[in-house]
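Q: Residues per chain, in single letters:
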Amino acid sequence: MDFFFALALGILFGTGVFQLLRRDLIKAAMGTAILFTSINLFFLASGAFAPDVPAYVDQYADGKATPSDPLVQAMILTAVVVSFGSYALLLSIITAISTRYDTLNSDEVDELKN
Amino acid sequence: MENNIFIIATIFVPYAGAALALAVPKDMQKRYLALLASFIAWIFSIVVLIAVNEDGTQIYRLGGWEPPYGIVLVADHLSALFGFMSATIMLGGILYAVQCKDKSITSPSFMALFLTMETGLLGAMYTGDLFTLFVFIELTVVSSVANVAIGDSRFALEAAMKYLFMSSLGSLFLLLGIASIYVTFGTVNFADLARQLAISNGNEPLLTRASAVMLLSAFLLKSSVAPFHWWQPDFHTAAPTPLSAVLSSVIVKIGIYGIIRLTSLLFVAEQALIYRWLVMLGVLAIFFGGLSALRTYNGKRVLAYSTFGQIGFILLGIGWGTPLALLAALVYTFNHAFIKSSLLMLMGVVASRNEEHSADLEKVAGTGRKLHWSIGLLFFLGGMALAGLPPMNGFISKFLLLQSGLEAHEWLATSLAIGGGILTLIYMMKTWQLIFQQKPTETSAIVHATGGDGYLAPALLIAASLLLGIFATPLYKFAEDTVTSLDNPHKNYIEAVEPDNWRALDYQPFLGG
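Chains as they are written, first to last, in our numbering: chain W, 1 to 114; chain B, 1001 to 1513.
Since the hints were made in silico from the structure, they are not lab data.
One should not assume that every hint holds.
[As the list claims (entries may be wrong)] List of simulated lysine to aspartate or glutamate pairs, DMTMM-like, C-alpha gap at most 25 Å:
#1 Lys-1363/B with Asp-69/W
#2 Lys-1491/B with Asp-1027/B
#3 Lys-1103/B with Glu-111/W
[Said to hold, decoys possible] One-sided excerpt, in silico: chain B residues whose CB lies under 8 Å from chain W:
#4 Leu-1164
#5 Met-1166
#6 Ser-1168
#7 Val-1183
#8 Ala-1269
#9 Ala-1272
#10 Leu-1273
#11 Ile-1274
#12 Tyr-1275
#13 Trp-1277
#14 Leu-1389
#15 Pro-1391
[What the hints assert, rightly or not] Quick list of the computed label-pair ranges, beta carbon to beta carbon:
#16 Leu-7/W with Ile-1050/B: 35 to 41 Å
#17 Ser-1109/B with Thr-78/W: 36 to 42 Å
#18 Tyr-1069/B with Asp-110/W: 44 to 50 Å
Every residue, glycine too, gets a C-beta built ideally from N, C-alpha and C.
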């Protein structure tokens, strides 16, 4: 389970970096969203001492099971909201750029020179 | 320790002001409301500063939850100094916005976003844990990007997009660093982290150094240091004047704050290694910034590149690592905020009186001769301060920095810093002469007699710079106390935050070393 989780994380991170480096602005924006997701999953993995255990377990009082860390999930929730906000802003700016410059190729959005 | 309500009040007042500014219908009401909110926040930041000066570190536990699980706001000497500086410059920026004639200021959400930016800035300075720091930094970034994107500059959208991409990447690495820290130590609270890092001194678990690198690069990106700076001149030039004044003077200082916090409190064991890098990056930034400012043809862009160079001086002070050098870096940070914000505002004042509303040096050349003499005088004083000539406050900060460099026997870096200082003098002289002494061309001679932004805010800030240059003792004394308190984080930070029933060290690291 750990291995597959790590593999999924790695694939997501790699996909995110690859998309971020694309010339198409929409794909690059999606790349940041994928990267944020992969980091959130990494965060999640750090909280669950065994990856498939819920945050609150009944048997915890008996000392039979280790619960996963609830603090991580609170932080991920915040991080998801934050990344969602900046992704929405990024997409809206890209929409405005596509109407003004009539292109989504980042090479052609280059009026800023000195 | 007792909760100090003024820390949360300083952060909350601009936020409440932002909500009210959205509700108020008329444009001028929004502006005066924002002015009022930032003034109250400024008063509260002074209260926090005085409390810290008299009684040492102040804390506020949000919702009464104990750290390390609850969020705690901490105002030690460093936070109080940076918070006061930020609140002052934000007040100046909003005062300028009240008198500003730019069309983008009349956008209904401008003042609200300005205030949420202040919330994020002050929150980032006062917070006591890494994750809240991340959230507040993102708040600052998102509100400043939205504000620049609605601006009336032709390049605003492109600059906003560029910055949002770069800064999302920075935030990603900040979050990844925080996650790595959490994996290793099971906490994101500064005090708890510092305690555990001090215990594991020299024998850190696996991910400690990696997370140090990720956090540092995120902070370097936020303060636009050499390899991460490409967004900065574009973004600060395309912003409306009141916004670019605060962006270029205090928002970039979030990174400086983070770097000082990381090296003095958390990663003390790696301090020497980080310091060596900071000195190299600092020298690179001084020359890159100075030379780029020389070959630029836009007044605001000259000042944006100059920020990039001046951050290099601050990094030198942090990187030399002696108490005097750190003191010089703090004084430099504080003084630079006043100088740079007032200069950018003055550039906006000149550009707004120009026919084309442009800060382009070709179009603005000679405009200054048609303006009231006081604008020229203010600009001259600001240029002197930036170049580090007496009696302005820039002289104090440069003098302290060079003295500390000589005392630390850093001959090479000190002489390079002197060369960079001369570059500053050259480009400020060039800009001043172009605007205020050159013969006006046909287009630049046309000056709006009635229009243009008011210049009360830059005048007050320049007066503050002059006063800080003549009466430098209070700032010097407080910076001295700050260095002393940073020298002993255990007594001044960890014990102040630590509750009596600090949990036992029962956490089993997921990825132990």
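Q: Now, for every hint given, state plainly whether the structure supports it.
A: We went through each hint and held it up to the structure:
1. Our distance criterion of 25 Å between C-alpha atoms is broken by Lys-1363/B and Asp-69/W, whose separation comes to about 61 Å.
2. The suggested pairing of Lys-1491/B with Asp-1027/B is violated, with an alpha-carbon distance near 49 Å, which exceeds 25 Å.
3. Simply put, Lys-1103/B and Glu-111/W have alpha-carbon atoms about 22 Å apart, close enough for the 25 Å limit, and the pair holds.
4. Contact between Leu-1164/B and chain W, as hinted, is supported at the beta carbon level, the nearest pair being about 5 Å apart and thus within 8 Å.
5. A cut of 8 Å between beta carbons decides the hint on Met-1166/B: the least distance to chain W is about 11 Å, and the hint is violated.
6. Interface restraint check: Ser-1168/B against chain W, minimum CB-CB distance 5 Å, threshold 8 Å, status holds.
7. For Val-1183/B, the shortest C-beta to C-beta distance to chain W is roughly 4 Å, which falls under 8 Å, so the interface hint holds.
8. Against a cut-off of 8 Å between C-beta atoms, the interface hint on Ala-1269/B is violated, since the closest Cβ of chain W lies about 22 Å away.
9. Taking 8 Å as the C-beta cut-off, the interface hint given for Ala-1272/B is violated, the closest approach to chain W being about 29 Å.
10. A least Cβ separation of about 25 Å between Leu-1273/B and chain W goes past the 8 Å threshold, and the interface hint is therefore violated.
11. For Ile-1274/B, the suggested interface contact is broken, since its CB lies about 23 Å from the closest CB of chain W, more than 8 Å.
12. About 29 Å separates the beta-carbon of Tyr-1275/B from the nearest beta-carbon of chain W, more than 8 Å, and the hint is not met.
13. A cut of 8 Å between beta carbons decides the hint on Trp-1277/B: the least distance to chain W is about 24 Å, and the hint is violated.
14. With a cut of 8 Å, the hint placing Leu-1389/B at the interface with chain W is violated, because the nearest CB-to-CB distance is about 28 Å.
15. Interface hint at Pro-1391/B: violated, since its Cβ lies 34 Å from the closest Cβ of chain W, which is beyond the 8 Å cut-off.
16. Separation of Leu-7/W from Ile-1050/B is about 55 Å and departs from the stated range, judged on CB atoms against 35 to 41 Å.
17. The supplied range of 36 to 42 Å is broken by Ser-1109/B and Thr-78/W, whose beta-carbon atoms lie about 23 Å from each other.
18. Hint check: Tyr-1069/B to Asp-110/W, Cβ distance near 48 Å, so the stated range 44 to 50 Å holds.
The earlier numbered hints that this structure contradicts are 1, 2, 5, 8, 9, 10, 11, 12, 13, 14, 15, 16, 17.
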